[in-house]
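Student: Spelled out, the chains give:
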Amino acid sequence: MDERSRSEASPQLLDLMNRSEGKCSEERKLELRLGPPGGEEWSHSGKMKKSNTEREESLLSLGCFSHAILNGFQSKDTTPPWPSYHNKASSFLQFPSTPPVMGKEALASQACCPKVVELQNNDTKVFSPSSANTAVSQPNTSQKRTAPAPVVGWPPIRSFRKNLASSSNSKPPPESSQHNEVAGKKPVDNYGKGLFVKINMDGVPIGRKVDLNAYDSYENLSSAVDELFRGLLAAQRDSSAGGAHNKVEEEKAITGLLDGKGEYTLVYEDNEGDRMLVGDVPWHMFVSTVKRLRVLKSSELSAFTLGSKQEKIALDSAMK
Amino acid sequence: MNYFPDEVIEHIFDYVVSHRDRNALSLVCKSWYRIERFTRQRVFIGNCYSITPERLIQRFPGLKSLTLKGKPHFADFSLVPYDWGGFLCPWIEALAKSRVGLEELRLKRMVVSDESLELLSRSFTHFKSLVLVSCEGFTTDGLAAIAANCRFLRELDLQENEVEDHKGQWLSCFPDSCTSLVSLNFACLKGEVSLGALERLVARSPNLKSLKLNRSVPLDALQRIMMRAPQLADLGIGSFVHDPDSEAYIRLKNTILKCKSITSLSGFLEVAPHCLAAIYPICPNLTSLNLSYAAGIQGSELIKLIRHCGKLQRLWIMDCIGDKGLGVVAMTCKDLQELRVFPSAPYGNPAAVTEKGLVAISMGCPKLHSLLYFCHQMTNAALITVAKNCPNFIRFRLCILEALKPDPDTLEPLDEGFGAIVQSCRRLRRLSLSGQLTDQVFLYIGMYAEQLEMLSIAFAGESDKGMLYVLNGCKKLRKLEIRDCPFGNMALLTDVGKYETMRSLWMSSCEVTVGACKLLAKKMPRLNVEIFNENEQEDCSLEDGQRVEKMYLYRTLAGKRKDAPEYVWTL
Chain H
38 MDERSRSEAS PQLLDLMNRS EGKCSEERKL ELRLGPPGGE EWSHSGKMKK
88 SNTEREESLL SLGCFSHAIL NGFQSKDTTP PWPSYHNKAS SFLQFPSTPP
138 VMGKEALASQ ACCPKVVELQ NNDTKVFSPS SANTAVSQPN TSQKRTAPAP
188 VVGWPPIRSF RKNLASSSNS KPPPESSQHN EVAGKKPVDN YGKGLFVKIN
238 MDGVPIGRKV DLNAYDSYEN LSSAVDELFR GLLAAQRDSS AGGAHNKVEE
288 EKAITGLLDG KGEYTLVYED NEGDRMLVGD VPWHMFVSTV KRLRVLKSSE
338 LSAFTLGSKQ EKIALDSAMK
Chain V
93 MNYFPDEVIE HIFDYVVSHR DRNALSLVCK SWYRIERFTR QRVFIGNCYS
143 ITPERLIQRF PGLKSLTLKG KPHFADFSLV PYDWGGFLCP WIEALAKSRV
193 GLEELRLKRM VVSDESLELL SRSFTHFKSL VLVSCEGFTT DGLAAIAANC
243 RFLRELDLQE NEVEDHKGQW LSCFPDSCTS LVSLNFACLK GEVSLGALER
293 LVARSPNLKS LKLNRSVPLD ALQRIMMRAP QLADLGIGSF VHDPDSEAYI
343 RLKNTILKCK SITSLSGFLE VAPHCLAAIY PICPNLTSLN LSYAAGIQGS
393 ELIKLIRHCG KLQRLWIMDC IGDKGLGVVA MTCKDLQELR VFPSAPYGNP
443 AAVTEKGLVA ISMGCPKLHS LLYFCHQMTN AALITVAKNC PNFIRFRLCI
493 LEALKPDPDT LEPLDEGFGA IVQSCRRLRR LSLSGQLTDQ VFLYIGMYAE
543 QLEMLSIAFA GESDKGMLYV LNGCKKLRKL EIRDCPFGNM ALLTDVGKYE
593 TMRSLWMSSC EVTVGACKLL AKKMPRLNVE IFNENEQEDC SLEDGQRVEK
643 MYLYRTLAGK RKDAPEYVWT L
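Chains as they are written, first to last, in the working numbering: chain H, 38 to 357; chain V, 93 to 663.
Capping the alpha-carbon separation at 20 Å, the derived lysine to aspartate or glutamate pairs in DMTMM-like fashion look like this: (1) H:334 with H:256; (2) V:156 with V:249; (3) V:259 with H:296; (4) V:571 with V:542; (5) H:235 with H:263; (6) H:328 with V:175; (7) V:352 with V:326; (8) H:328 with H:239; (9) V:259 with H:317; (10) V:610 with V:658; (11) H:328 with V:626; (12) H:334 with H:300; (13) H:246 with H:264; (14) V:610 with V:587; (15) V:259 with H:256.
What the hints contain is simulated information worked out from the structure, not anything from laboratory work. Note that this is a predicted model, so its numbers are computed, not measured.
Take the sequences, apply the hints, and build the full model.
Tutor: Laid out in structure tokens, this is it:
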């Protein structure tokens, strides 16, 4: 269905520019006139028809950009239709006009992103016309094609279900990172995407990225970290030893990341910018607040953090 | 009636069971209030913050069964930040301290800790039934406590909870003396369970009627379990992966033939293609089929399966069945009452369903009264047809995946279609809207939806009038949840008294301001007006003119709650 409508849409859009019907010039009027046009009363019945046809041309709606992040079912179309700001948008702003219709898809793609982002960040207005302005006035500049932000919580599917499609016939679904957790204004709907965070290790100049959605527990994450860095660490030791060895130094497993017993300890930075020990909170809470990971030398952790880790170990053993 | 002795009135009250009727009884006069409260055994609390546990216990000392709901519904869609609330702990603590002989606890969207579960398991000797729906905060350790300590446990039903797996052996914690299980559902658990312990448990539970396994239970274990429990009526299959030529599979097919009492089937959390034929023999007996978690089943297989299910009353399925498949459902399942069609990929699936599928269903299944339908598009004409064919809708929830999408044929908003639904379905209690909608649809809703209790709105409407139509017109409205609509202060403040007749109101990404919320809170002291300030700047103060991103208000007798996190400002 979607594919059909999308492919029909493209020729339609182009046709529009050539059609000599009134609509076209109106659109042009609207395109240039992005501030509050003033005057036009948003009367219910009168506007409907006109706005409907405009909508037809605009072919977009708020949820449409989500096509971009869809996995698996995407058409090969590289220029997916982007949402336009709908009548709803204008009424949000109390602008009686309909929003500018994007003549070019590229336009739309560029325009929608900032707008959608603003949907999430609420400033005083839901949609700012200024970004649309830039887009329209430079019709041929397809600026950075940023992936549009998905709308949080739309479509209204429980996170429990969202994980199903990606995990059928394979390992159990990863603990949902978006389950009831919207720590900030950033859209958190990670369905279909990985939750990639940077991870750096002391002594290894090159960092890696891990997809937290691929793990469902601290143990799995810890072994993944071991796998990621084991080779790099060995190579680093090798080179820092001046390459005196001909053979690559034996790769030593990186263990004890979570319990304080190893040479290295896993810490993370959370959404408040604080550095925290990995392992204290339930996995899904961790996934929702973690922003980046670090593997630090245990000896360099401050006494404070070491102290609380021991406390934790004592607590753990008491509770078991 | 007052000339009868109390015992007689009590006896009569025994026949009055529903919460609403009971509530009504208690309002008649003081003596009825008194009699009713001492004989009340089941209490439903739709918002755990509307009343304190102490007050509940004081009024109903004979309480045996408690149902509690915590977070607002939109928490299901990640709109409520972590740690908002809904903690079970204070309830269990208060109940444990009292002399209430709690036997049944049903929770929805609450935060349940292992400690609470442990306390629960130790505090009520006759505890029989625990049902947790969409809860979180606990681990398998908490389940172990329940298993180990609740000697007369009949029901442990976990539905769609986020449970951390501690790889303990919680199932093994059911003592050998536990033989009372009637219902066990652990389908939502991610970890492995001891298969031996499971099989032994099933073997010693002659009353077991409902068993729902998680994905870690393989096919051969399923077969052994079914052998031991031929009396099962409700089965949730975990893993259904096997080579169709293998002995295990053949054994399973034979075992299935013996399970004639199964009327409800669900699960298939993992499924291999071409294995479904094994269950054809039980399909003709099924009244309930839930394949909405079975992401591995293809549309064509679904259709083949459905053809065998002539008695279905309840069907939950994924949209890969397609419009054609729904046509098959319409032809086969003449008794269908409840249908839910879930999207197999949230933003699109080429074989997904449209208005055509729904129309086909409406033509073939006139008894349909509950619908949840995720689709790609909907037309006014289709909705009007559906309204004509199925006037009995109690729940009508339509989600067009693309927000704001109009009728693709006419490019009109869907006002007329939904208007037809509310006009035709006089018993409609729950409605969820989607697609492009103007204020007109709300006018229709206000005019016609007299029984409407819950309304969910997203990306709809044009002005405050829309919300006002609803608030003025729907006299029985209890829950209103709105997101991304242009409703503002005027709509919010025009009839503040209305909110005390409702359970709750949620508004997010609308046009209400802090000042209006403050004013509302001031005028209505028996409402908690909460706004969520998720701004990462620590010391931002709320200015009156600022738009509120998320507001949740609810009536309460408990006053401002003390467990709110920092970002929740109760005005």
